[in-house]
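Protein chains in written order, with numbering that gives the first Met the number 0: chain H, 0 to 201; chain U, 0 to 270.
Quick caveat, the hints were computed from the structure, so don't treat them as lab data.
Treat the hints with care, as some may be off.
[Said to hold, decoys possible] Pairs of lysine-lysine residues, derived as DSS-like cross-links and limited to a Cα-Cα distance of at most 25 Å, are as follows: (1) H/K93 <-> U/K187; (2) H/K92 <-> U/K45; (3) H/K92 <-> H/K35; (4) H/K93 <-> U/K220; (5) U/K175 <-> H/K179; (6) H/K35 <-> U/K211; (7) U/K123 <-> U/K201; (8) U/K268 <-> U/K211; (9) U/K45 <-> H/K93; (10) U/K261 <-> U/K251; (11) U/K261 <-> U/K211; (12) U/K79 <-> U/K187; (13) H/K176 <-> U/K175; (14) H/K92 <-> U/K36; (15) U/K211 <-> U/K93; (16) U/K211 <-> H/K92; (17) H/K168 <-> H/K179; (18) H/K32 <-> U/K187; (19) U/K36 <-> H/K93; (20) H/K168 <-> U/K187; (21) H/K35 <-> U/K261; (22) H/K92 <-> U/K77.
Note that the structure is a prediction, hence the values are computed from the model and not measured.
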Amino acid sequence: MAEFIMIIVSAVFINNFVVVQFLGICPFLGVSKDFKSALGMGLAVTFVMTITCLITYPLYTFVLVPLGIEFMEIIIFIFVIAAIVQMIEMALKKFSPTLYNAMGIYLPLITTNCAVLGVAELVIDTPQIAGLIGITTGAMNMGFAVLYGLFAGLGFTVAIVLMSGLREKIARLPINKHLKGFPIAMICACFIAMAFYVFALI
Amino acid sequence: MLNLLLREINVTTLGWVLGIVAVIAVVFAVLIVLVSKLCFVPVDEKAEAIQANLAGANCGGCGYAGCADFAKALAQGKAKINGCGPTPNENKSKIAEILGVPFSAEESKYAVVHCAGGEVSLDKYVYVGNEGCTAQNALLGGRKVCPQGCMGGGTCEACCPYHAVTVEHGVAYANKALCEACGLCVSKCPKGIIELIPKSSKVYVACSTTCKGKDVMNTCKVGCIGCGLCAKNCPNGAIEMVDNIPVINYSKCTGCKVCVAKCPRKCIKEI
Numbered sequence: 000m001a002e003f004i005m006i007i008v009s010a011v012f013i014n015n016f017v018v019v020q021f022l023g024i025c026p027f028l029g030v031s032k033d034f035k036s037a038l039g040m041g042l043a044v045t046f047v048m049t050i051t052c053l054i055t056y057p058l059y060t061f062v063l064v065p066l067g068i069e070f071m072e073i074i075i076f077i078f079v080i081a082a083i084v085q086m087i088e089m090a091l092k093k094f095s096p097t098l099y100n101a102m103g104i105y106l107p108l109i110t111t112n113c114a115v116l117g118v119a120e121l122v123i124d125t126p127q128i129a130g131l132i133g134i135t136t137g138a139m140n141m142g143f144a145v146l147y148g149l150f151a152g153l154g155f156t157v158a159i160v161l162m163s164g165l166r167e168k169i170a171r172l173p174i175n176k177h178l179k180g181f182p183i184a185m186i187c188a189c190f191i192a193m194a195f196y197v198f199a200l201i
Numbered sequence: 000m001l002n003l004l005l006r007e008i009n010v011t012t013l014g015w016v017l018g019i020v021a022v023i024a025v026v027f028a029v030l031i032v033l034v035s036k037l038c039f040v041p042v043d044e045k046a047e048a049i050q051a052n053l054a055g056a057n058c059g060g061c062g063y064a065g066c067a068d069f070a071k072a073l074a075q076g077k078a079k080i081n082g083c084g085p086t087p088n089e090n091k092s093k094i095a096e097i098l099g100v101p102f103s104a105e106e107s108k109y110a111v112v113h114c115a116g117g118e119v120s121l122d123k124y125v126y127v128g129n130e131g132c133t134a135q136n137a138l139l140g141g142r143k144v145c146p147q148g149c150m151g152g153g154t155c156e157a158c159c160p161y162h163a164v165t166v167e168h169g170v171a172y173a174n175k176a177l178c179e180a181c182g183l184c185v186s187k188c189p190k191g192i193i194e195l196i197p198k199s200s201k202v203y204v205a206c207s208t209t210c211k212g213k214d215v216m217n218t219c220k221v222g223c224i225g226c227g228l229c230a231k232n233c234p235n236g237a238i239e240m241v242d243n244i245p246v247i248n249y250s251k252c253t254g255c256k257v258c259v260a261k262c263p264r265k266c267i268k269e270i
């Protein structure tokens with residue numbers, strides 16, 4: 000139970016993927032102009048992150064490590080992520096056209112999202128992830144990996160939704176024209192990042 | 000050099016690497032093929048061809064969820080080609096060809112706001128609350144004394160995908176150069192004072208009040224008092240008074256601008 004809470008707090012707040020670890024900045028700035036698409040993007044990323052962890056963690060632990068070819072991790076993870084996104088897209092198109100239309104272009108975009116590769120890399124780095132979620136190194140297992148993937152994705156969603164809310168408000172304010180659009184978005188991102196940094200001090 | 004490099008390579012490891020990559024590649028290839036066979040969705044080629052000709056702005060002005068949805072509706076005969084504002088006429092005729100229906104070109108339009116009040120028309124009360132016109136309109140019909148006055152809440156500004164509408168001095172104004180006539184603002188305005196008019200028009204009526212002339216005199220500096228001078232003086236009979244407000248028939252209007260000169264309230268404006 001303690002680990003469970005620690006995973007949530009660590010993945011969503013203390014080590015938030017976007018504003019603390021600076022992964023997945025591209026969709027964070029690109030798809031945060033309005034609330035709806037930000038939420039869609041966030042949920043799509045959460046979905047892909049969870050499934051990626053579900054596949055890459057056993058693949059690394061039970062195939063790559065015993066064979067002594069851990070150095071192939073990045074190539075194989077990219078492989079896996081691209082294939083998963085492809086399959087999810089096709090499955091969604093068939094079984095849930097509504098969700099497919101809602102996710103739209105965001106799903107293929109995730110193929111090249113570094114946050115997804117980042118979570119796959121992080122959950123296999125046993126000493127680091129064990130430190131993050133407060134367990135002993137040997138206690139790391141697949142359940143923790145998948146949970147971390149899920150909540151890291153939710154952390155991404157929280158950050159991008161916060162950002163979209165701020166940007167929607169800011170779009171209406173009388174802002175100096177040199178700051179309008181992207182510059183003010185960067186400043187907002189900075190403030191969000193500073194706010195999240197406080198969690199690390201707790 | 001090459002010999003040195005070759006000696007460094009561990010053949011067993013290389014074998015495992017190639018083997019694993021090959022196995023994973025084959026597994027995923029088979030899976031993807033299986034999934035694609037399993038999840039095959041017939042593609043509507045007609046709709047795809049139509050979508051290629053649409054403007055692709057995804058503004059939603061047609062009332063559908065986006066260009067893809069509109070193309071599907073067109074292909075199924077549920078929508079009209081002229082429902083889309085931003086698509087240029089030559090593309091529309093191409094779409095008509097794909098659909099096999101006759102197409103009559105309609106002149107491209109743009110939005111005008113039939114109000115010029117804003118700061119020069121009186122307020123009933125000071126509005127503090129949810130931004131956007133719909134909320135304000137629900138409270139005694141908005142802060143303006145004039146029941147058709149633009150409240151300047153910016154709902155049209157917020158919904159415009161082309162950033163053509165801006166609220167200046169408390170009244171909305173549509174930029175002719177930027178407007179693509181998607182019609183979103185027309186449907187969003189709770190007062191219904193935005194209208195699409197042909198781009199070639201030379202004049203428009205910047206008021207839509209239903210108040211009596213005396214009330215307008217007291218409450219708004221630029222409101223129409225319904226004197227009918229424009230209708231009487233129009234050499235082409237293009238202006239008709241409907242509910243105390245001039246309505247311009249753009250098919251008859253030649254752009255002589257007599258009405259602009261005659262209007263005592265300066266609420267017929269040149270474009």
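Exercise for the section: Starting from H/K32, check that the Cα of U/K187 is at most 25 Å away, please. Expected result: With a Cα-Cα distance of about 20 Å, the restraint between H/K32 and U/K187 holds, given a limit of 25 Å.
Practice task
Verify the proposed pairing of H/K35 with U/K261, using a straight-line Cα cut of 25 Å.
Solution key: Outside the cut-off at roughly 49 Å; violated.
Exercise for the section: For the pair we were handed, H/K168 and U/K187, check the Cα-Cα distance against 25 Å. Expected result: Cα-Cα ~19 Å, so holds.
Exercise for the section: Sort out whether U/K187 lies within 25 Å of H/K93, counting only the CA atoms. Expected result: Given that 25 Å is the threshold and the Cα spacing comes to 34 Å, the pair is violated.
Exercise for the section: Assess, step by step, whether the Cα of H/K92 is no farther than 25 Å from the Cα of U/K77, and give holds or violated. Expected result: holds (23 Å)
Problem - 25 Å Cα cutoff - pair H/K35, U/K211 - result: violated (44 Å)
Problem - Hint consistency between H/K176 and U/K175 [alpha-carbon to alpha-carbon, up to 25 Å] - result: Within the cut-off at roughly 22 Å; holds.
Handout entry: Satisfaction of hint between U/K201 and U/K123, Cα-Cα up to 25 Å
Key = violated (34 Å)
Problem - Holds or violated: H/K92 to U/K45, with C-alpha atoms at most 25 Å apart - result: holds (18 Å)
Practice task
Verify the proposed pairing of U/K36 with H/K93, using a straight-line Cα cut of 25 Å.
Solution key: holds (11 Å)
Handout entry: Hinted pair U/K79 and U/K187, Cα distance within 25 Å
Key = Given pair U/K79, U/K187 holds - Cα atoms ~21 Å apart, limit 25 Å.
Problem - Pairwise hint evaluation, U/K211 against U/K268, where the allowed Cα distance is 25 Å at most - result: holds (21 Å)
When each numbered hint is compared with the structure, violations occur for hints 1, 4, 6, 7, 15, 16, 21.
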